[in-house]
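Chemist: Following the hints, position chain U against chain A.
Protein sequence lines, in the order shown, are assigned to chains A and U.
All the letters of the first sequence, read from the start, carry residue numbers 394 to 823 under the numbering used here.
All the letters of the second sequence, read from the start, carry residue numbers 394 to 823 under the numbering used here.
No false leads were slipped in.
Remember, identical chains collapse to one label, so a pair may be satisfied in a single copy or spanning two.
Restricting the straight-line Cα-Cα distance to at most 25 Å, the calculated cross-link-like pairs of lysine to any residue (SDA-like) are:
#1 LYS797 to SER783
#2 LYS426 to LYS797
#3 LYS446 to ARG808
#4 LYS680 to SER470
Calculated from the structure, these hints are not laboratory results.
Protein chains: 2
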Amino acid sequence: MAILIRDCTAITMGDPLVRRGVSIAIEDGKISKISENPQDFEGTHFDTVLDGKNKLVLPGFVNAHTHLAMVLLRGYSDDRNLQEWLEQEIWPAERKLTEDDVYWASLVGIAEMIRSGTTTFCDMYFFMDAVAQAVKESGLRAVLSYGIIAPQPGEKAQRELSVTEKFLREWHNGAEGRIRVAVGPHAPYTCCDEVWRDARALALQYNTIIHTHLQETLAEVNESFRRYQKSPTERLEALGVFEAPTVAAHGVHLRDSDVATLARRGVGLAHCPTSNLKLGSGIAPVKRYKQMGLRVGIGTDGAASNNNLDMLEELRLAALLAKRDDPTALPAAEALQMATQSGAQILGLEGVGHLAEGAEADIMLVNTSGAHWQPGHNPVSDLVYAAQASDVETVLVAGRIVMKEKEILTFDEERAKANVRALSAKYRKL
Amino acid sequence: MAILIRDCTAITMGDPLVRRGVSIAIEDGKISKISENPQDFEGTHFDTVLDGKNKLVLPGFVNAHTHLAMVLLRGYSDDRNLQEWLEQEIWPAERKLTEDDVYWASLVGIAEMIRSGTTTFCDMYFFMDAVAQAVKESGLRAVLSYGIIAPQPGEKAQRELSVTEKFLREWHNGAEGRIRVAVGPHAPYTCCDEVWRDARALALQYNTIIHTHLQETLAEVNESFRRYQKSPTERLEALGVFEAPTVAAHGVHLRDSDVATLARRGVGLAHCPTSNLKLGSGIAPVKRYKQMGLRVGIGTDGAASNNNLDMLEELRLAALLAKRDDPTALPAAEALQMATQSGAQILGLEGVGHLAEGAEADIMLVNTSGAHWQPGHNPVSDLVYAAQASDVETVLVAGRIVMKEKEILTFDEERAKANVRALSAKYRKL
Numbered sequence: 394m395a396i397l398i399r400d401c402t403a404i405t406m407g408d409p410l411v412r413r414g415v416s417i418a419i420e421d422g423k424i425s426k427i428s429e430n431p432q433d434f435e436g437t438h439f440d441t442v443l444d445g446k447n448k449l450v451l452p453g454f455v456n457a458h459t460h461l462a463m464v465l466l467r468g469y470s471d472d473r474n475l476q477e478w479l480e481q482e483i484w485p486a487e488r489k490l491t492e493d494d495v496y497w498a499s500l501v502g503i504a505e506m507i508r509s510g511t512t513t514f515c516d517m518y519f520f521m522d523a524v525a526q527a528v529k530e531s532g533l534r535a536v537l538s539y540g541i542i543a544p545q546p547g548e549k550a551q552r553e554l555s556v557t558e559k560f561l562r563e564w565h566n567g568a569e570g571r572i573r574v575a576v577g578p579h580a581p582y583t584c585c586d587e588v589w590r591d592a593r594a595l596a597l598q599y600n601t602i603i604h605t606h607l608q609e610t611l612a613e614v615n616e617s618f619r620r621y622q623k624s625p626t627e628r629l630e631a632l633g634v635f636e637a638p639t640v641a642a643h644g645v646h647l648r649d650s651d652v653a654t655l656a657r658r659g660v661g662l663a664h665c666p667t668s669n670l671k672l673g674s675g676i677a678p679v680k681r682y683k684q685m686g687l688r689v690g691i692g693t694d695g696a697a698s699n700n701n702l703d704m705l706e707e708l709r710l711a712a713l714l715a716k717r718d719d720p721t722a723l724p725a726a727e728a729l730q731m732a733t734q735s736g737a738q739i740l741g742l743e744g745v746g747h748l749a750e751g752a753e754a755d756i757m758l759v760n761t762s763g764a765h766w767q768p769g770h771n772p773v774s775d776l777v778y779a780a781q782a783s784d785v786e787t788v789l790v791a792g793r794i795v796m797k798e799k800e801i802l803t804f805d806e807e808r809a810k811a812n813v814r815a816l817s818a819k820y821r822k823l
Numbered sequence: 394m395a396i397l398i399r400d401c402t403a404i405t406m407g408d409p410l411v412r413r414g415v416s417i418a419i420e421d422g423k424i425s426k427i428s429e430n431p432q433d434f435e436g437t438h439f440d441t442v443l444d445g446k447n448k449l450v451l452p453g454f455v456n457a458h459t460h461l462a463m464v465l466l467r468g469y470s471d472d473r474n475l476q477e478w479l480e481q482e483i484w485p486a487e488r489k490l491t492e493d494d495v496y497w498a499s500l501v502g503i504a505e506m507i508r509s510g511t512t513t514f515c516d517m518y519f520f521m522d523a524v525a526q527a528v529k530e531s532g533l534r535a536v537l538s539y540g541i542i543a544p545q546p547g548e549k550a551q552r553e554l555s556v557t558e559k560f561l562r563e564w565h566n567g568a569e570g571r572i573r574v575a576v577g578p579h580a581p582y583t584c585c586d587e588v589w590r591d592a593r594a595l596a597l598q599y600n601t602i603i604h605t606h607l608q609e610t611l612a613e614v615n616e617s618f619r620r621y622q623k624s625p626t627e628r629l630e631a632l633g634v635f636e637a638p639t640v641a642a643h644g645v646h647l648r649d650s651d652v653a654t655l656a657r658r659g660v661g662l663a664h665c666p667t668s669n670l671k672l673g674s675g676i677a678p679v680k681r682y683k684q685m686g687l688r689v690g691i692g693t694d695g696a697a698s699n700n701n702l703d704m705l706e707e708l709r710l711a712a713l714l715a716k717r718d719d720p721t722a723l724p725a726a727e728a729l730q731m732a733t734q735s736g737a738q739i740l741g742l743e744g745v746g747h748l749a750e751g752a753e754a755d756i757m758l759v760n761t762s763g764a765h766w767q768p769g770h771n772p773v774s775d776l777v778y779a780a781q782a783s784d785v786e787t788v789l790v791a792g793r794i795v796m797k798e799k800e801i802l803t804f805d806e807e808r809a810k811a812n813v814r815a816l817s818a819k820y821r822k823l
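The shape of chain A in the complex, shown without the other chains (with noise of 0.2 Å):
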């Protein structure tokens, strides 16, 4: 299967970052070619040929946290305290939870993400089979994990690892190398030591990263200190976690210290813009974050807490938020870097996340003939302050086209939506 995206302009993600009137060969799911010489592409048959014109061609967003399947909690309680939020609404909801209910969802939550040009999404949630699968059937690529809860040592704890070895065994390296499955302890507060020491043996065992939580709140730090007298990142540090690949999701409030011990062992940060603001959690100082040599990436969150999947209004809004007392804080480039090839570099994704020859064919066509394109200046910038998701109108994955001309073509969207609504009714109030 050859595919031609023919004469259109590129956002490399490398140097040059835009290349215009270029064609981009794909062949056995990777980039062969990308040249803005039409004779590089004779003699080749390309079953496919994408006409370039007016499209913005770049990789696809990398989606670096997310809980796919609340989106059957979009909307189900807002505005609320963290903790009556998950006390009183989130975490009853999420006991009636079926495998059913999450393979729909994900459905859902992966159509959402195709249509706003996320390609690789990292995923924590509970039946993650039902979510590996609607990820072989969509064609997407992604880094799963189980969320283990276990405060305590014991029997319980090892049911929860457990689940995850099984999970590691059965989908790790699936769906032809699309499905990575990735250690997800939840959260230092959530986990005991006896957990983390081995969730870190599995991490290193089966080659793979640690997906978690990381000093979100700054009750979170506090209780911390209280309990271990160490911040959440002294402590796992101390318990050798680190040695492992780890990505680590929101670190809203971490010390000068936390960051030093991060960005020397390269535990990768998944920013959460919205979810920090809409929580109350606070802003991440990615900017500072990023001198001290911090790796950071970008990610939604889950749609309860955001409440949408949007990796371009995610960015968009990293690179306002950096902004706040500094206008050049965080680039249009920066912030589109983040978003891509940073993504993939914290999961641990190579060839991933940018447009060069060998890289992965993971890419979105963007149209760019909308009002509030014009009058095009500047590609980068109008991508990163004034694109909407509506905007992207192909993507492919790993060579494959998901969606063309905004038609999901791997699975059936229309059924996966009903379904979502007739089984979203046992959670409504309204």
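Modeler: Then chain U, alone, in the frame of chain A:
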């Protein structure tokens, strides 16, 4: 011309906020009936019936502060310090502006606004006859002001005021009453006392409002204290300016005593969170302002500093930012109120910004079938936190359909875009 919107879910901005299964009749430019009972609409002949199934119907957004024709400079310069950006980029580019540029750019900006559900906007720029002409043709509602810049008293200042008075005479209450002309002294730091006194007199004489910028940056406040030993608000209050109804944009750096003065005088604030972040001005503490009695609407500012005119994005950002340390601040319905009815109120527009019998028929129909609207627990939350501009399908202003199923009916959008692209060549740097 009678129009019926049949069987929709309406967000009224009144009580009850959400009404399901209602129909809305529109006659002579106004809403004549809202009812759940189909019999209430029998006996009326409707020229057009719009199907409200799976549609959310709500009042059009009121963009309380913009510089519409700056669409020409979208993406022209970003991520720079405010003074460099203005002095080295924006002002030199604006010196090349012609009336033709402003006319076509205004039409493209209006297309963008219609497509994102805005039915009223409050503008300040140059060549305002061209903006008024674009408003007249497009069918939108607008409060238009010529931006007076006159730091010194004398001939230039009087010339600026006479441009305003000519514009008032020719366009105030024009376009079947859809256009109001405001008096637009650009800002305290760009207008001398003489101009402020004359602007106040003009506004009172023509029974209209003053539209200005106020305390956008801390530097502006400090400079005012140095020159006048007063904050900008104190200086305008001492000049009697606020005896005329006033809308002030930004207000990022208001001291409590300024807020008290503005609240007592009934001054309206146009909160522009995206522009304030992007230019590094900061975050206006609107939760506190509102608690102190200040009336607050929402504006996008111009496309050179936003870089779009999407009010849905703007009200979402306002809601999210206010929550950064308190998730209960500015709940969804309150943010929506600011972007609709409160915006209309600060502009002095009666019967705009809500759905009620007798109110102006400025209405949008929003498609709720997309993946990002599922499962649909709460339409207000979904609109504020998850919707996209592109979900807006049909827009009416003063009872006239200006966009139907995504087609703009009142002017040739493609021609306007082509002209803007051609005219923008002289500004192009890349």
